[in-house]
Amino acid sequence: MKEKRRITSGKPLEKQIKVDYLARTEGEAGVYALVSDSEVKELKFNIWEPARFFEGFLVGRMYYEVHDLVSRICGICPISHMTTALRALEKATGVMISEQTRIVRHILAQSQIASSHIIHLYMLAAPDYMGYDSIIPVISEHPDIFKRYYRMKTAVNKLSTLIGGRALHTMSVLFGKFTRVPSRKSFLEVADDLKAIKDDALETVRFVSRLPIPEFYSENIYVSLKGKDFYPINEGRLASTSGLDVSEDEYRAHFTEQQLPYTNSKYSALNGKDSFMVGALARINQNFDLLSDDAKAIAAEVGFSVPNHNPYLNNLAQAIEIVNGIDDCINLIDAFYPQKEEPAFSIREGEGGAITEAPRGLLYHSYRVSKDGVIEKADIVTPTAHNASNVEKDLNLLLPTISHLGVEEITMRCEELIRAYDPCFSCSVH
Amino acid sequence: MTANSNSNQKVKAAVFKFTCCAGCQFALLHFFDQQVETLELLDFVYFKMARRKELDEPYELAFIEGGVSAPEHIEQLKAIRKQAKTLVAFGACAAHGGVPAIKDWQTEIDVEERAYPDPLLVSSMKVSPVDEFVKVDHYLRGCPIDEVEFMEMIRSIAADKRPYVREHPVCLECKLKNNICILLMREGVQESMCLGPVTRGGCRVVCTSNMRACFGCRGPMSNPNIAEMVRTFKGKGFSGKDIEMRFTEYAGLSAEFREGARAYYERKAPYYKRKAA
Ligand code: SF4
Ligand code: SF4
Ligand code: SF4
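Just so you know, the protein sequences line up as chains A and B, in that order.
No gaps in the numbering here: position 113 of the first sequence is 113 in this note's numbering, and each next residue is one more.
No gaps in the numbering here: position 12 of the second sequence is 1012 in this note's numbering, and each next residue is one more.
Bound-form chain B, shown alone (with noise of 0.2 Å):
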C-alpha cells in the first residue's frame, strides 16, 4: 500500500491473543476514546474482547499479544503470518515471554504440579517469544505496551514508513525528566534496584517518575553493558538471589537479561534444587 492511497483506505488489524494477561488489548481498549482519530486508520476486523465478530475477512496487521505456550500456538502463528502482511509483537509477553517465561527457568513438570492435580489434561510447554516461531516485524514492548509509542507506529505504519525504534536506556529519558536517580539515591532492594541502564526507553519513564526503580519491563536496550550493571548491583550489597531475580521478572529470556541473571544462577542452584538436594 503506498502513502496515496491509504488516506481513504483503512488499514484491516486482527488483534490475537496468546499467553498473557490480556492486559495489552485492554489498554488498546483504553486509548480507543481518546485517540479516536489516530485509530480511525485502523478498521479492526478481527478483536475480540472489543467486538462480536468471527474471523471472516483479510487482514493486512496482525497484532500478537501474549507468548507462545502451547503447541497448537505454532501453527496458528504461522497462520497467521502468511495471511499478514506486518505483523506486531504486542507487549512484554509476545516480545520476550513476559511474566509468564518465569516458569521456563524451572523444571515444567514441577511448575505444573503445583498449579494443577492433573498437568496431563493441560496442553502447555515453556513459554517462548513470538519471534521464536514466526518473524516479527515491528515490536511495541513494555507491559503494558505505552500508549505515545501505539500511536507512533500506527501512524507510521499507515503512511508505510519504519516506525521510530528505541535504542537508548531508559536512564536517558529519566535524565531528561530530571528525576532523582533512584539507583544512586535510594536504598533497601525494591526501592533502588534500578534496571534503567540496561533497558530500553519509549515509556516515558513512567516508574521512576513514581519513584518506582525500572524493572526491565520493556526488555535489554541495543548493547547493554549487563557485566556492569551485575557489579553495580552487587556493590550496592543486594543479594544474587536479587539480581536473579531483577533480571528475570519481564524479559528473562532475552539473551542480554540472561546473562544478568546467570551472574548468580550458574554458580548456585535455583531454589528449588537447592531444596531437594
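Pulled out of the complex, with its shape left as it was, chain A reads as follows (with noise of 0.2 Å):
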C-alpha cells in the first residue's frame, strides 16, 4: 500500500490506492485506483492468480476422473466443482442418479456452503471490523467468539466427513455414485452436533449484524438458482431480479465471458452487457421465502429484509444461510433412510451442462463427451468470474462517497467491500 499524492497547478488532489496483494482472500489479486475528488480516474482490480487452463487440459481425459481433477480447482468449494461436473457429465452421457445420491449429494453440499461461511466470516471478513490483522489474536483476546467458530466449524466439517471421506477434497464421490454411503446412526449422530450448534449459528447472526458494517447502497443485477420447493443448491431454475428465467441449459444464451488484459479471469457479462451478482446475497433476494422458518426470524431479528442492496451484507447473508443449511440438514438427515444400491450404466456420447450454488455463487460446467468416455470439450465459468465485473461496478460507485478519507482508510473499505464479496481468485482463474 502506498500514499502518493500529486498536487499540480489547478488540478485537484489525487489519491492512489494501491495494493499489490489482497490479503484474506482465497488465491492472488490485488486492486489499484486514481481517485480526484469525487471522480474515479483509473480503476483496475487484477485477478494476477496463475491460469491453470483445466479448459484445456481436461480434453483428453475420461469422463470418471473429471470431478476429481476439477475439485482441484478450489481448495475451498472442491465439493461444488464436483458436483457440477458431475451433474453436467451424468446429463451429457445420459446417466440417472438415484433418489438417494442426489439428496446425500445436497447435504454434503450444504454442509460444504456452511463451513466455507463460517470461515468466510470468522477468519476472513471479521477481523477488518474487529481491528486485527488476522484471527490469530481473536484467539486469546476473544475466546468465547473462537470457541464458537470452533464449535460450529466442527459440526459441520464432521458432516462433510461423514460423507465425503475427509473435509477437504472428498474422495467418497464417484461418477454416478458414491463409494458408501454412512449409516442412519452416524447420520443422526452427526445430526445431534448440528442441534447443538444452532445456538452457535444464531449467534452468529447477531455477531455479524453488530459488526460495523458500512452503510452503502448499490442497486444490482442478482443471479442465482430460484427453488420451486426448497431453497435451491445443486439445482433450479436459472433466474435474475432482471427478468430471466430460464433453465440451467439456456446458460449460454445470456452469458457471455470476456477476456480483459490486466487480469487472468475472464469477466462475466449478463445479455452481453451487464454486470451482475452472485452469492448469498443474490440467493437470499431471490429465495428468502424458501429459507426455514428460524432463517426467516433470525433475519427479521436483526432487521435484514429483501431486496437487500448493500453488497457489505453479503456477509449477513451468509450468516443467515448457516442457519438455514443447519435445518435443511437436520430436517433431510430425520428423514432419511439409506439403502444399499448397486448402480449400473453405461454412457453414451453427448454433451451437457448443469448449474449448482457454490459457496460463493453461481457455478456452470459443462462438457462433451464421446461414445469412448473422452472430453472433448470443456467450459467452466465460476462465481468470482461472474461476480468480477460487479466488484469494478461497486468500487466505481463506492470510491467517489469515500474520496474525502485518508488513502489507508479508502483502501481498508475497498479491501472490505471485495472481501464481503468473498471473492475466490483460484476458482475464478481456472
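Bear in mind the hints are in silico, worked out from the structure with no lab data behind them.
Mixed in with the good hints, there may be bad ones.
With a Cα cut of at most 20 Å, we get these calculated SDA-like pairs of lysine to any residue [unchecked claim]:
id : chain 1 : residue 1 : chain 2 : residue 2
1  : A       : Lys377    : B       : Asp1118
2  : A       : Lys18     : B       : Leu1055
3  : B       : Lys1012   : B       : Glu1057
4  : A       : Lys18     : B       : Tyr1046
Take the two lone chains, each set in its own frame, and fit them into one complex as the hints suggest.
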C-alpha cells in the first residue's frame, strides 16, 4: 500500500489506492485506483492468480476422473466443482442417478457451504471490523467468539467428513454414485451435533449484524438459481432480478465471457452488457421465502429484509444461510433411511451443462463426451468470474463517496468491499 | 538454531502460493484451531490467506504451495530459497506439479487456446515441481497435505531434527488397518484401479478406508515396481488409456509415474494427436 498525492497547479488532489496482494481472500489479486476529488480516474481489479487451463487440459481425459480433477480448481469449494461437473457429465452421457445419491449430494453441498461461510465470516471478513489483521489475536482476546467459531466449524466438517471421507477434497464421490453411504445411525449422531450448534449459528447472525458494516447502496442485478419447493443448492431455474427465468440449459444464450488484458480472470456479462452479483445475497434476495422458519425469524430479528442492496451485507446473508443450511441438513437427515444400492450404467456420447450454487454463487460446468468416454470440450464459469465485473462496478460507485477519507481508510473500505464478495481468485482463474 | 534456544523462540514461517488450488494453505487454516499447541511453535510472518500483513520481516521456514508455471515464479522462488533456512514443498502441486501439470502431457498452445481467446495475454509455461529450480529440504506430499504428517514435521523442524520420511507404499498402512483390498476385490475402472502398491504412504490411507482406490496423490514410494503395477492393471482388463490416466493425475511428472503412463503413451499417440491425424 502506498500513499501518493500529487498537487499540480489547478488540478484537484489525487489519491492513489494500491493493493498488490489482497489479504484474507482465496488466491491472488490486487486492486489499483486513482481518485481525484469525487471522480474515479482509473480503476483496475487485477486478478493475477496464475492460469491453470483446466478447460484446456481436461480435453482428452476420461469422464470418470473429471470431477476429481476439477475439485482441485478450488481448495475451499471443491465439493461444488465436483457436484456441478458430475451433474453436467451425467447429463451429457445420459446417466440417471438415484434419489438417494441426489439427497446425499445435497447434504454434502450444504455442509460445504456452511463450512465455507463460517470460515469466511470469522477468519477472513470479521478481523477487519474487529481491528485485527488476522484471527490469531481473537483466540486469546475473544475466546468466546473463537470457541463459537470452532464448535460450528467442527460440527459441519464432521458432516462433510462423514459423507465425503474428509472435509477437504472428498474422495467418496464417484461418477453416478458414492463409494459408500454412511449408516442412519452415524447420520443421526452428526445431526445431534448440528442441533447443538444451532444457537451458535443464530448468535453468528447477531454477531455479524453488530459489526460496523458500512452503509452503501448499490442496486445490482442478482443472479442465482431459483427454487420451487426448497432452497436451491444443486439444482433450480436460472433466474435474475432483471427478469431472466430460464432452464440451466440456456445459460450460454444469456451469459458471455470476455478476456481483459490486465487480469487473468475472464469477466462475465449478462445479455452481453450487464454486470451482476452472485452469492449468498443474490440467493437470499431471490429465494427468501424458501429459507427455514428460524432463518427467516433471525433475519427479521436483526432487521434484514429483501431486496437488500448493500453488497457489504453479503456477509450477513451468509450468516443467515448458515442457519438455513443447518436446518436443511437436520430435516433431510431426519427423513433419510440409507439403502444399499449398486447402480450400474452405460454411457453414451453427448453434451451437457449444469449449474449449482457454490458458497460464492452461481457455478457453471459443461462438457462434451465422446462415445468412448473421452472429454472433447470443457467449459467452466465460476462465481468469482461472474462477480468480477460487478466488483469493479461497486468500487466505481463506492470510491467517489469515500474519496474525502485518508488513503489508508479508503484502501480498507475497498478491501472490505472486495472481501464481502468472498471472492475466490483460484476459482476465477481455473 | 539449537534445540535449546527454541523453547522461547518461535520459528518465523512464511507461506507462498504458486500454481495450485490453495487447498493446502486452506488445510492449514483448518489445523489452526485444532492444533494450537503445535502451531504455537511457529510465527507466521507472511501468510496472506490468514493475515493482512506484507512481507516485511525475515523468515527461516518457507512453505511453498503450488507448482511453477510462469517465468516470474522462478525468480521469486530463488529469492525465497536465499532467505529461507528450510524450504518445504507443501502439497502435491509443489512436490510433483499436481493436477495442473496434466497439461504438460499435451501441446502447450493447444491447451492454452482452449481456455483463453488470446493466450498471449496470459503469462504461462509448462508446469514444474518446485525442486526443478531450487533445492527442497522437506516434502509434505498429498493432495491435500496430511494433518498428522504436517504437525510431525513442524515439531521436528522446531527441534532441529530431521523429519520422518516415509519410504513405504500406501499398501503397508492399508494392511495394518485391515482394510479389504480394493485392487483384488472390486470391479470396474474407478472402483478398483488402486495405485497403493507404488504410492508413498503417510496419508493414513484415507481413501482405501473409504472404499476408494488410491489415486496416487502422494507420488511414488522409494523404488516402486511400476512394470508390475502396469501388468496387474492390464491383467484386470483395464485399457491403456485408463492406465495412462491413472498415472498422470496427481504426480505424472515424477519419473516413476511417467514410466507407468508411458507403458501406453509411447505406443499410441495421445488422444488429441490421434484426433488430428
Ligand atoms: S496439492 Fe492438491 S490441495 Fe494442495 S494446493 Fe495442490 S491441488 Fe490444492
Ligand atoms: S486397497 Fe490398494 S492400498 Fe490397500 S492393499 Fe489393496 S492395493 Fe494396497
Ligand atoms: S490413499 Fe492414495 S490418493 Fe488417497 S490420500 Fe493416500 S496417497 Fe493420496
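Hints, verified against the model:
{"no.": "1", "hint": "A:Lys377 x B:Asp1118", "verdict": "holds (18 Å)"}
{"no.": "2", "hint": "A:Lys18 x B:Leu1055", "verdict": "holds (16 Å)"}
{"no.": "3", "hint": "B:Lys1012 x B:Glu1057", "verdict": "holds (9 Å)"}
{"no.": "4", "hint": "A:Lys18 x B:Tyr1046", "verdict": "holds (19 Å)"}
Figure legend: structure checked against the earlier numbered hints; every hint is met.
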